[in-house]
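Taken in sequence, the protein lines are chains A and B. Taking our numbering, the leading residue of the first sequence gets 84, the next gets one more, and so forth. Taking our numbering, the leading residue of the second sequence gets 8, the next gets one more, and so forth.
Derived from the structure by calculation, the hints contain no laboratory data. Just so you know, not all the hints are guaranteed correct.
Said to hold, decoys possible - A short, non-exhaustive set of chain B residues, derived as facing chain A with CB atoms under 7 Å:
(1) Phe40
(2) Ala77
(3) Met80
(4) Leu103
(5) Arg106
(6) Arg107
(7) Phe119
(8) Phe130
(9) Arg131
(10) Glu134
(11) Ala194
(12) Tyr289
Computed from a prediction, not measured in an experiment: that's the story for all the values here. Just so you know, even glycine gets a beta-carbon here, dropped at the ideal spot from N, CA and C.
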Amino acid sequence: MPEEKETFEPVASAIVEGIKRQVLVVQDYAKLSFQSLANLFSPPHYWTDTLEQMDIIGVGSLPIIVLTGFFIGGVLVLQTASQFERFGETALTGDAVALALVRELGPAITALLVAGRNASGIASELGSMVVTEQVDAMRALGTDPIRKLMTPRVVATVLMLPLLTAVSDFVGLVGGFLVAYFTLRLGPVQFWTRAIHALDFGDLVQGLLKPFVFAFIISTVACFMGLRVKGGTQGVGRATTSAVVVSSVILLVTDTFITRILLWAFHK
Amino acid sequence: MTSAAPPAGPSKPYGEPVPGEPLISFKDIRLGFEEGDVLRGISFDVWPGETKILLGEGGSGKTLLMKLAAGLMRPDAGTVTVMGQNIGEMPEKDLLNFRRHIGFVFQEGALFDSMTVAENVSFRLDEEKVDESETDTRVREALRFVEMEPSLEKYPGELSGGMRRRVSIARALVDHPPLIFYDSPTAGLDPVTCQTIITLILRGRDAQGVTSLLATQRVQDAFGLAHFRFDEATGQIVRDKENGAQTPKFPPVENAGNGANGAGNGAIPPTNVLVLRDGKIYFEGPADELLRSSDEYLKKFLASAE
Chain A
84 MPEEKETFEP VASAIVEGIK RQVLVVQDYA KLSFQSLANL FSPPHYWTDT LEQMDIIGVG
144 SLPIIVLTGF FIGGVLVLQT ASQFERFGET ALTGDAVALA LVRELGPAIT ALLVAGRNAS
204 GIASELGSMV VTEQVDAMRA LGTDPIRKLM TPRVVATVLM LPLLTAVSDF VGLVGGFLVA
264 YFTLRLGPVQ FWTRAIHALD FGDLVQGLLK PFVFAFIIST VACFMGLRVK GGTQGVGRAT
324 TSAVVVSSVI LLVTDTFITR ILLWAFHK
Chain B
8 MTSAAPPAGP SKPYGEPVPG EPLISFKDIR LGFEEGDVLR GISFDVWPGE TKILLGEGGS
68 GKTLLMKLAA GLMRPDAGTV TVMGQNIGEM PEKDLLNFRR HIGFVFQEGA LFDSMTVAEN
128 VSFRLDEEKV DESETDTRVR EALRFVEMEP SLEKYPGELS GGMRRRVSIA RALVDHPPLI
188 FYDSPTAGLD PVTCQTIITL ILRGRDAQGV TSLLATQRVQ DAFGLAHFRF DEATGQIVRD
248 KENGAQTPKF PPVENAGNGA NGAGNGAIPP TNVLVLRDGK IYFEGPADEL LRSSDEYLKK
308 FLASAE
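If we strip away everything but chain A, and leave its shape as in the complex, we get (with noise of 0.2 Å):
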């Protein structure tokens, strides 16, 4: 018994620590999405960051959201119509498509395709500047990192996110019709009312509440990681993939929890 009680007593230790260290991470980083948000309500503001920042992860993400929206879109009219042949309904794919991109795929991949350009941008960046010790060259310099760094790069992402969902969504229908046109031959009358009157209002609350949320989970892990970091460019480069794994994970396991959320709010 005693030598049971020996070997157990240093793993159970380990494993104690181990959450400890945990639950002391998520703290540091509720604490660290807390103050990017609060420093919106005093000054100093960075608006001119904030502004680079939109630029970069909106406009500089466009080529790529516009791209693969389109195929999305595509590849979902291919995929449904296959189905819809069966029972004669190709009519439907319209309904079929629009919901589709609407409600998750549009919200979910362009978050993702987010998380994977910028999510890593982020942390490479503001990591190189911590081993680098500009972070705290900024603070040397009394300038909050947090405020001058994170609050930017949330508030931009938090704004962007959407407007990119919005035009994936958008591009999706494109090129949905335009597979549903050279395919199904349905006609763009046909296809553009029936995928317009499929939407109500339940739908795109959630396609547009979705991608805020995401935004925000995809630009604090993304900082967090970032500012956390240690061990010189191979800490910087454990950080870039941590961030987009990280994000990745964490906006597909709540958009389950939204999704069901706003599913039951809007009696669906």
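Chain B: place on chain A using the hints.
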């Protein structure tokens, strides 16, 4: 440009030395990490106008001491008082305001690599919303001081290590702070560039009366600062023959024996050396006393200068 507000409250609440008190005072500072304690009860003072040189091997805690004094880190135990303020207990918001009255030169310069040299140097002035024409004048003045005015529009990536260090000094000096921290300003530089950097520090000390704390592994830096001075009349660096027996400038005689500086009776030369070893102060005194020391460990440092 930003819409940053100027520091709140009185213009320089932390910028004035408290009469009769040291500018920086470390009292029984302890700091450790997972690997163990790095600082084990460090106490010393830096008086207004003094240049204190922290000598020590890599990992001896020199940089930590400076980061503690600038409020960039907090000690596990002990108190750090700078310009009468207990830095260890100050909230981060107040620390940001406090740091606008100090200069910090980081080891590799830590210049913002997405900004030009001019933007780097004007960073603090822009934050304080100083008038654009005045900012331009002061940035040029600071860059002229470090002989980097022609590189105004260059990016840090286009500069050599020594040039980056010089720009970093200009950035620290642009607001004329009364206190500057130099973290290994000559590390990794060739001897000629090291000399240039030391000359700039001498000019900052003698022409602007800056108090400084300087961390270095090079004992030559200590002797350079102790044995030379900047002559404002000629604009030249001249050998200071009287160093080591200079007329005491500080601290006031009645406080002289109170500090941990060991010099006592107010006879403290403006440049003093503090050697760190195993998290404690191994030696503290004027550079010449270090030179005359027969201690084996100190002799190792002296040998590296030869």
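Going down the list of hints, with the structure as the test:
1. Restraint check, phenylalanine 40 of chain B versus chain A: the minimum CB separation of about 11 Å is more than 7 Å; hint violated.
2. For the restraint placing alanine 77 of chain B at the interface with chain A, the shortest Cβ-Cβ distance is roughly 6 Å, inside the 7 Å limit, so the hint holds.
3. The beta carbon of methionine 80 of chain B is not positioned within 7 Å of any beta carbon in chain A (closest approach about 9 Å), and the interface hint is therefore violated.
4. At its closest, the beta carbon of leucine 103 of chain B sits 5 Å from a beta carbon of chain A; the interface hint therefore holds under the 7 Å criterion.
5. Interface hint status for arginine 106 of chain B: upheld, as the beta-carbon distance to the closest one in chain A is roughly 4 Å, under 7 Å.
6. Restraint check, arginine 107 of chain B versus chain A: the minimum CB separation of about 4 Å is within 7 Å; hint holds.
7. Interface restraint check: phenylalanine 119 of chain B against chain A, minimum CB-CB distance 6 Å, threshold 7 Å, status holds.
8. Taking 7 Å as the C-beta contact cut-off toward chain A, the hint placing phenylalanine 130 of chain B at the interface holds, the least distance being around 6 Å.
9. Checking arginine 131 of chain B against chain A: minimum C-beta separation of about 5 Å stays under 7 Å; hint holds.
10. Taken as an interface hint, glutamate 134 of chain B checks out: its beta carbon lies about 6 Å from the nearest beta carbon of chain A, inside 7 Å.
11. Because the smallest distance between the Cβ of alanine 194 of chain B and any Cβ of chain A comes to about 13 Å, over 7 Å, the interface hint for this residue is violated.
12. For tyrosine 289 of chain B, the interface hint is violated, the least distance from its beta-carbon to any beta-carbon of chain A being 27 Å, above 7 Å.
In summary, the structure is inconsistent with hints 1, 3, 11, 12 from the numbered list given earlier, while agreeing with the others.
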